[in-house]
Amino acid sequence: MSSPVVEGLLRTAAPRVLVALVRRYGGFDACEDAVQEALLAAALQWPDRGVPDNPDGWLFTVASRRMTDEIRSDQSRRRREDAVVLAEPRGDLDVPDADDTLTLLLLCCHPELTPASQIALTLRAVGGLTTAEIARAFLVPEATMAQRISRAKQRIQRAGARFELPPAGAARQARLAVVLHVLYLIFNEGYAATSGPDATRPDLTAEAIRLTRVMRELLPDDGEVAGLLALMLLTDGRRPARTTPDGALVPLAEQDRSLWDRALLDEGIGLVTAALTDAPLGSYQLQAAIAAVHAEAATADDTDWPQIAALYELLEGIAPSPVVRLNRAVAAAMVHGPEAGLDLLATLDQDVHMADHHRVAAVRAHLLELAGDREAARKSFLDAARASTSLPERRYLEGRAAQLREAD
Amino acid sequence: MGEAGGLASPGMKYLLLIYQNPAAREALPEPEVTAMGDEVDTIIDELVETGEWVGGEGLADPSTARTVRVRDGVAAVTDGPFAEAKEQMVGYCIVDCESRERAVEIAARWPDARRWGMEVRPILSPDGIEM
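In the order they appear, the protein sequences are chains A and B.
Sequence positions in the first sequence follow the numbering used here and run 20 to 427.
Sequence positions in the second sequence follow the numbering used here and run 51 to 181.
To be clear, the hints were calculated from the coordinates, so they are not data collected in a lab.
Given the structure is predicted, the values throughout are model-derived calculations rather than measurements.
Backbone N, C-alpha and C fix where the C-beta goes; we use that ideal spot for every residue, glycine too.
Errors might be hidden in some of the hints.
[Said to hold, decoys possible] Pulled from the structure, derived: some chain A residues nowhere near chain B, Cβ distances all over 12 Å: (1) 157; (2) 190; (3) 209; (4) 349; (5) 365; (6) 412; (7) 421.
[As the list claims (entries may be wrong)] Cβ-to-Cβ under 7 Å is the rule here; a few derived chain B residues that face chain A: (8) 60; (9) 73; (10) 76; (11) 172.
With the sequences and hints as input, model every part of the structure.
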């Protein structure tokens, strides 16, 4: 049995086993640690010895042993008994229902936690990733990530959260919105990482898509869940074209669209089209709809910019943010000319909270170039490069500035 | 330009450079030096606990530094630090935290910040989003 197959099995089994353990013993924190230990044991043993007939039962048994050991705290006995227990899994676990997985997701994305902690805990408890894998994904030491996870669990405990689904209604909807945001952040983290140099980093876009598919199975009628999944698929579908072989970023307008993954894009288009028809409008659906317009354009010149501009206006109506305004400025420039975009951009200068200064400067540079003001464009690209904290983005922006100088 | 952009990352790494004036530091009475060390230990323990600590170390005295410059393929090695300045880098740490404001807040707690200064520098990420 190859380890990627084992890895896949473990990741899907993790939340089921965790839920069963919490139901049996209570105490989310200790149960979660026990499941992680069982997953690590399985990752070591299954590739060589083969996957047991009842993988969930095996994991549940090993994790249960850890739990009872915790209670007995008898080190020498544990070592003697482990050999027997690992060889003979016993007992079936109750199959958790859909609500249990949802409860688990809501708990991991508890509003008391910081986004970084929500992400780490979701990836471990629901995603079945190991602490080491999560640490590699975020380029921090394993000890740092382990501490983040353990602190997150302590916080949940201190907040008095229980393993219960909040009652249906506005409160549950608000908690679900946090889960979607966490999945969105996981996706973005993975998407940005594709240009990174380390091939051993786990693919967080695949993980985010997998977890969002789980969400969609749990909530098939939720338009925003469908919208988020569509947005991920429509973004991920462009991944093969977004970097050159040496890792340089390729802007959307210059991407080789024949490299786009049509199957992912088509699935995304189908999902968002259905959601827009059936469900109340939401921001993920609108973002997905915008991505779908790009996906439907055979070339950059074929892009239906008036439709994109209209969708951004709708998006700004329901979820206004400086980032949405920034993107609206690009669309406005493509429809009405660069001056229209620059005018909208000027309204952002008053927004001192815009953390993405380099993005504003990059868009301004792009629009100034379109307007024919090459020197101002060059200065703005350099301004953007200096403000960027991403190495590939800085290289791209410096490259654009250099091109403008050379062409003079 | 596409529809992507403004994709907030939940954390970023910052290098905190710790600066001291070596002459002033040598003139400090021993109990104060010990107190500074204890204070730093406490801060580091807290940062480990919050999951923000990535790593860090103190440096040996600037007088032990060697500065290397290669010109025309020839390495010229001189004694002492790169910049002749009253204040010198004596240590560093790396934190992974939510915002620059938080990184500055951490730096402000260092005892060296009260006497000399700390420099907070975002670390370039190898990740990026096309525009």
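Check the structure against each numbered hint from earlier and tell me which ones fail, lowest number first.
Hints 1, 3, 4, 6, 9 and 10 contradicted; others consistent.
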